[in-house]
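Student: Single-letter residue listing:
Number of protein chains: 4
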Amino acid sequence: MSLKRAGVLGATGSVGQKFILLLSSHPQFKLHKLGASFRSAGKAYKDAVTWRQTATIPESATELTVVECKASEFADCDVVFSGLDSDAAGDIEKEFRDAGLVVLSNAKNFRRAPDVPLVVPLINVSHLDVIARRLEAVASENKKKPGYIICNSNCSTAGLVVPLGALQEKFGPLDIVVVTTLQAISGAGFSPGVPGFDILDNVVPYISGEEDKLEWETRKILGSVDANTSEFVLQNDTKVSAHCNRVPVTDGHLECVSIKFKQQPAPSLEEVKRGLRDFVSEPQRLGCPSAPSHAIYVLEEENRPQPRLDRDRDGGYAVSVGRIRPDPVFDYKFVVLSHNTVIGAAGSGVLIAETLLAKGLL
Amino acid sequence: MSLKRAGVLGATGSVGQKFILLLSSHPQFKLHKLGASFRSAGKAYKDAVTWRQTATIPESATELTVVECKASEFADCDVVFSGLDSDAAGDIEKEFRDAGLVVLSNAKNFRRAPDVPLVVPLINVSHLDVIARRLEAVASENKKKPGYIICNSNCSTAGLVVPLGALQEKFGPLDIVVVTTLQAISGAGFSPGVPGFDILDNVVPYISGEEDKLEWETRKILGSVDANTSEFVLQNDTKVSAHCNRVPVTDGHLECVSIKFKQQPAPSLEEVKRGLRDFVSEPQRLGCPSAPSHAIYVLEEENRPQPRLDRDRDGGYAVSVGRIRPDPVFDYKFVVLSHNTVIGAAGSGVLIAETLLAKGLL
Amino acid sequence: MSLKRAGVLGATGSVGQKFILLLSSHPQFKLHKLGASFRSAGKAYKDAVTWRQTATIPESATELTVVECKASEFADCDVVFSGLDSDAAGDIEKEFRDAGLVVLSNAKNFRRAPDVPLVVPLINVSHLDVIARRLEAVASENKKKPGYIICNSNCSTAGLVVPLGALQEKFGPLDIVVVTTLQAISGAGFSPGVPGFDILDNVVPYISGEEDKLEWETRKILGSVDANTSEFVLQNDTKVSAHCNRVPVTDGHLECVSIKFKQQPAPSLEEVKRGLRDFVSEPQRLGCPSAPSHAIYVLEEENRPQPRLDRDRDGGYAVSVGRIRPDPVFDYKFVVLSHNTVIGAAGSGVLIAETLLAKGLL
Amino acid sequence: MSLKRAGVLGATGSVGQKFILLLSSHPQFKLHKLGASFRSAGKAYKDAVTWRQTATIPESATELTVVECKASEFADCDVVFSGLDSDAAGDIEKEFRDAGLVVLSNAKNFRRAPDVPLVVPLINVSHLDVIARRLEAVASENKKKPGYIICNSNCSTAGLVVPLGALQEKFGPLDIVVVTTLQAISGAGFSPGVPGFDILDNVVPYISGEEDKLEWETRKILGSVDANTSEFVLQNDTKVSAHCNRVPVTDGHLECVSIKFKQQPAPSLEEVKRGLRDFVSEPQRLGCPSAPSHAIYVLEEENRPQPRLDRDRDGGYAVSVGRIRPDPVFDYKFVVLSHNTVIGAAGSGVLIAETLLAKGLL
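Residue numbers (the working numbering), protein chains in the order written: chain A, 411 to 772; chain B, 411 to 772; chain C, 411 to 772; chain D, 411 to 772.
If you are wondering where the hints come from, they were derived from the structure by calculation, not from laboratory data.
You can't tell identical chains apart in this list, so a pair holds if it fits in one copy or across any two.
Mimicking BS3-like on lysine-lysine, the simulated pairs with C-alpha atoms at most 27 Å apart in a straight line are:
no.	residue 1	residue 2
1	K683	K456
2	K672	K649
3	K683	K649
4	K518	K440
5	K504	K623
6	K769	K504
7	K670	K623
8	K649	K670
9	K414	K504
10	K670	K580
11	K504	K440
12	K580	K683
Work the whole structure out from these sequences, hints included.
Tutor: Spelled out as structure tokens, the structure:
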């Protein structure tokens, strides 16, 4: 099979660097175009970037010439991964979409747009059906294939909805979700990201906009698609309350979650554990190359998951759930850990692209 | 006024060192006896201790000879502060009490005993009335003054109950409290305490026994004393659910709290803030020297309190509350910060002693 | 005595905040003018600053109106403390000096100027004689008192030269100094300062320009003043080689130092320790209020000094030296710890001002 | 080729866990026996160990039954890797050797023994010739193959000697080496290892015995073997002085090094860089499977190497050298980074075993 040509927008930033790492050795995609600001345009990637990853710059990227983020430069890309900041993403991603390109975005700008799927690939790739139907409609009219945008979720949302989605699939909607996050600093980017003086020997109990994203995005992702209108319907059965904190951890978001099921009596503790342990995600069923071997690892040790020890399970594409126990106020409480720059950001985009390919939509 | 003679048990440990720091320059107490294990007994304190505090060893302690933790050694102390570990505290504190000594304990052993007040001095010094009545009864019978034990609470409980107690005093009992803690490592002691390899670039979502302490102790402290039986009655109107985490912070416990009031409609956001801001604790009213100028600081900045910036307010005897905001599931959510080794441990003991003195009980 | 009027330039930055803290409760100075960029000018200080200190904003600063850093605004100040960044300091400090003001600068711009004393107040306040002579000369001609600039040293230099200067005073010049620094992040400022992602679970073995500063400034400070020309003569007997590293510590620079004396045989280990322990600095002799009780603490514990435990000795105005031992290549090796934002920055400026006052130069 | 049977002593400790990780997927060895204390003996490995590695427990180890560290239990092992602590290693390793076993030890006990090679495999596998000759001698007498012990070096020594050995091979012996280490905490083990309270927001300028190890072991490793007596001759041309520090980093030792060559004039900066860059180690030449692709990476960025970014190069078997620059006192200074638990500990043992195999000594 010939490799699909991938573009990366915001290629010198933290999310862009991760896209490049994940795509450089990918069996289905090859790095084709790297876009950044006009200051970087024209330079070899290795000269334009301040590389901050543990792995060295992939050879396939090192000599690529950086271009500006204009649709015309990316016209021959099969798919474009956007790691742009939200202040740039709005205009650029729209231009790309309007030019007929497929944009997989990590930015927040279009997540709440009524025609844009917001996808955590381990949970709601069914939302991509909206794209499928749109493409079918166009094809039946013999029109040119249109561009579209698909967003992955906010990083802390991605970790949360995996166990929630698995439980909802098995036991019906949740009534209440209370979540407190302990988030790694890599999610804030590199330059400057979280200042060192703010985070050494400290915790910051605030991340701008984050609580609202967790509370809103969770309900779109756990929601459904109206079969007639193709509109996204929020899961309004579920009330979500979030506290968000930044902690001195490099990678890996930990979330303390309390839940109450809609249907009472709630499933038993053993049923909940089994429901999580046995959950199989759609990308696994589709055989996507980056899909984890287990979507959810249920850990039985009393003090796990921990960011440093568990964030890299299945390359960061799996989520770990531990300390599942009864809650004196609700039904259950547990701890979720997810790798915020893999399943919580660039890796989600890659897994969405693999799913599109598996479904014949790319 | 002559200074009261203070003994310290577990004087070489982390809590003991803090007691010594706080008492060494105290206007009402003087260090009189320092107790530690038989291995330390007979040595000058400076030779027995591995001092781990920022301030240097107080001169009043440095040459004191360490003695074993036997009641006979402490017979002439007016009050004994115990920083013993729970494996030693049970037998020793009992022996001291039975020998007629006043023991202010930081250990967990007697916190749930029906005749032992569990006191966070900013909130429930009214529980000390049980002691007052007992002493009066004995005095009226011309019996020898008996010994007694008073416990301060677990460190994370101490921070939580201050705003909860202030709100309960003003607006009646709470219905639901959901709390997630981000706890500093100093609470676990020094040798070894939390291993460095567990806590660098990491978070540990588990502290043995801590969640149960938070859920139980909160209800004893917010509870009342039966006027007839002098028994402590738990605040059973209030359901508490806790998640406890250890984070890479040296001092200062941060807690994310969601609350629902029993009485509905709940007070307004402004009333809640004012209720916290205007709260005056009993030790303040009594003019205790270590009492904070404000029991609760209500912070309006969107990203405060933070452990490193706010833990030392009023010498660690005050509690900071920030981010008070409506909660989409309950009534309100907020963040509390308390200094775990001051108001959460040794400082609580000192403030209880000052209160006893002010009330004529010492 | 009436308080001297102090101005602070760069008042919203990290060094400026520290100046404000140190001056707010000072027995000889009062905060009179606060200067910052035009964006801050006109605002109350509390509204202009993002306060990042542990202590709360001093009341004497909170309502002062911030002005632009123009000499005309500071005309009635007795002394101006500059915490400006080096990109702004050059022009502004020159303007202030030319307008007749006394500028005590923390910036690097004028440290190497032939007419500007570079002063670490525990070591070379004798360099201020140049100012004294200049003022005398002007006074004898009945001219207007001129402005002048005095610089404090780079933060890592300040810690190093204290033991070196004490040893040179006692045992004559050093031949070789090899130093490796482990520097705290507060020296790099707040916004952004050292990015968190660079310093969590990491060390950065490079600080721009720092090694050159250590190697050069040390020789100016340990140097002398030519009695005829009033020129500063570098201590060229001493060769200095530096390695500089940034480590995940909030405050406190640790430096590992190896030295060889010019005169051989070198003093004995005991003589070296005594020389350091008995060293008394000029600000101590002059009775300056911020002078430490000991300029140098010689620690005998095998694992001290440590940043968190020792940085605050004597309010950060003292330096700690430990692990003094023979060196298999040179004469001796030892470890120095200094508080980089007190004796290494703002505190040095304050102590210089106190010295000027004590010498009648202000 | 059939796999050699490997035993691991101290299998539940931190070094033992790393041996198990490295050997579990090794092309030449298989895990055959796991030894630990009598408390663990009889349990399945997964039940005996508190696993602290990022990767999960290898399947090949999980169900192996732990045995006591007695030679009779390991009689059928081809090679035994010892991760024992020094308090246990002395007696046990001697017993194993006397029983005819090949012991590759990470402990310090036999490093200075006159008949035990001390080997950093990237530098002095030539010291293994002593073993070869001993085996030949025995073979020629038709005696039973004797056991022997080979030690790898202390972790900070392993990083240092790689560039030193490469330079000595090319430019002759060094005259002076001054080194300051910034060492990760993983070298101190897990339980408790470095206490968290000692290392958060702190640096400890002392590691027991470490400076002496660096100063002595370096000279044995850079030394030679007397062709007649087979005795190890220290490299006494080279004087080494070390300062050792523990820093808040999980893995990766950084070392700041100043050097002076014996032969003057010294090689040029460019020659030094080329000498390091072109260095090829013996395990590379022998095709050992764990040998790095480059023994030394010479980094040109001004702020590298950094522990978090560079420690994993070539799986931790390569060493990174950066900031090579002239030194104002000596000839050159530079920074070395090595992975302390791979090339600095267990990985060294594995690479020695591969070398023995490649040389036909196993």
